[in-house]
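Peer 1: One-letter residues, chain by chain:
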Amino acid sequence: MLVAEDLAAQRGNALLFEGVQFSLRPGAAMFVSGPNGSGKTTLLRIAAGLTRALRGRLVWDGSAVDPFASILRAVTLFIGHATALKDELTAEENLASLVSLHGAPAEAESLSAALSEWSLARQRRLPARALSQGQRRRVALARLRLLARPLWILDEPLTALDAAGVAALREVVGEHLASGGMAVIATHQEFAPVGGTSLSLRLQ
Amino acid sequence: MNEATLRAAPLADDSAWGGVSWALARDLKLALRSRAELGVQLLFYVIVVTLFPLGIGPDPATLRALGPGVLWVAALLASLLALPRLFAADFADGALEQIALSPYPLPALVSGKILAHWLATGAPLVALSPLLALQFGLEGGEIGVLVTGLLLGTPTLSLLGAIGAALTLGVRGSGALLALLILPLYVPILIFGAGAVESLRAGLVPGAQLSILAAALLAAIVGAPLACAASVHIALD
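Protein chains in written order, with our numbering: chain A, 17 to 220; chain B, 29 to 265.
Looking at chain A on its own, in the form it has when it is part of the complex (with noise of 0.2 Å):
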């Protein structure tokens, strides 16, 4: 369960928010909405353990975390703005390296199961640099139920992302709450998965 107590942050001189609480329990996902520079990644960033907060503390499992908490980074898996993708590498290695990156196993009947989930079978073995926005931010969906983590930080997880990809998306987020995962996601859009309970966090 991760527990967010009074939580503050500033970027430069101005403050973004605080007192944000919140706490989630196996089987929700939390959607934080807000105005463009309203402190959605800041918050992320900070629930992922990325950032200090300014003020107040988050708890995993009763027991209050530091930013880069070995604890907290052994649980999260955080998708941010950028993909994490290296040009130089396929489509497929780079999915490797990342899910490797988590001490988990790459093997190449699951990634290329992953890949073509995400409809990316013929893209396999075609370097990142041709592949579109769209299809990047595929690759760095492609891990998520490969990795299996229980709590998922997707930052904007839905840019570049057609209506199949948020329609996969949608699925994977439902089944990861219905097996008792959580999920903050920061979001534009109207996204609810299929299933599990939903909170809303707005920022002003």
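Derived from the structure by calculation, the hints contain no laboratory data. There may be inaccurate statements among the hints.
[Said to hold, decoys possible] Stretch by stretch, here's where chain A covers chain B in the computed footprint (C-beta under 8 Å, at least three residues):
id, region
1, 58 to 69
2, 118 to 132
[Said to hold, decoys possible] To give a feel for the contact side, a few chain B residues facing chain A, derived at Cβ under 10 Å:
id, residue
3, R35
4, S43
5, W50
6, A51
7, L52
8, R54
9, A255
10, S259
We put the CB at the ideal spot given by N, CA and C, even for glycine.
With chain A fixed as given, assemble chain B onto it according to the hints.
Peer 2: Just chain B now, kept in the frame of chain A:
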């Protein structure tokens, strides 16, 4: 496929080695895919070293006196040229975030990256050095000491330089700042590296200088990855 069971990352006792080997394998693969960039750095080294005999003139005694110093200074500059590659690309495309959030310890991942960086940029430079040393009329024994010194010294340059590369992440004009930050730290390596050949010429055993280079390397292997990891955390915050 249906993998419904959620799992935390398996953290074994040997996870540090896992991190080193992940970063080493990935960065070597990336380096092989962008060989042209590595060639530029190596060519830079060759050209700088070659400019000196052309500029100074063909007097064998002068060339022989200057040789070790010229090779070391050129190695320093070439190593500086390759440094921004180390973290900047990963920082720009978001891979560094993923690396910092990986369950592997960050100092281990950074060590792997630095080792790959040295193998791709430092090792070819050392391998080419005996050939370039011939331009300056260095003798067999001197070349041996020079190459041993470079072999011990260039990994230290990569390790120290990595600290600077991590500290200047996200800073505008970071290339020049990196040079100002790192070149002073390179001075002791330069002094003992070039000094090893000098002491051989003076009829002494160069063991002292080479031992100091080895000691500096060991200290850097322990300290630099920790400093880099701390700088990466600051850069991502």
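Peer 1: All the hints need checking, so say for each whether the structure fits it.
Peer 2: Structure-based check of each hint:
1. 58 to 69: holds (count 3)
2. 118 to 132: holds (count 12)
3. R35: Hint holds; R35/B Cβ to chain A Cβ min 6 Å, cut 10 Å.
4. S43: holds (7 Å)
5. W50: Cβ of W50/B sits 6 Å from chain A, so the hint holds.
6. A51: holds (9 Å)
7. L52: violated (12 Å)
8. R54: Check passed: Cβ of R54/B comes within 5 Å of chain A, closer than 10 Å.
9. A255: At 15 Å from the nearest chain A Cβ, A255/B fails the 10 Å test, so the hint is violated.
10. S259: violated (13 Å)
Checked against the numbered hints above, the structure breaks hints 7, 9 and 10 and satisfies the rest.
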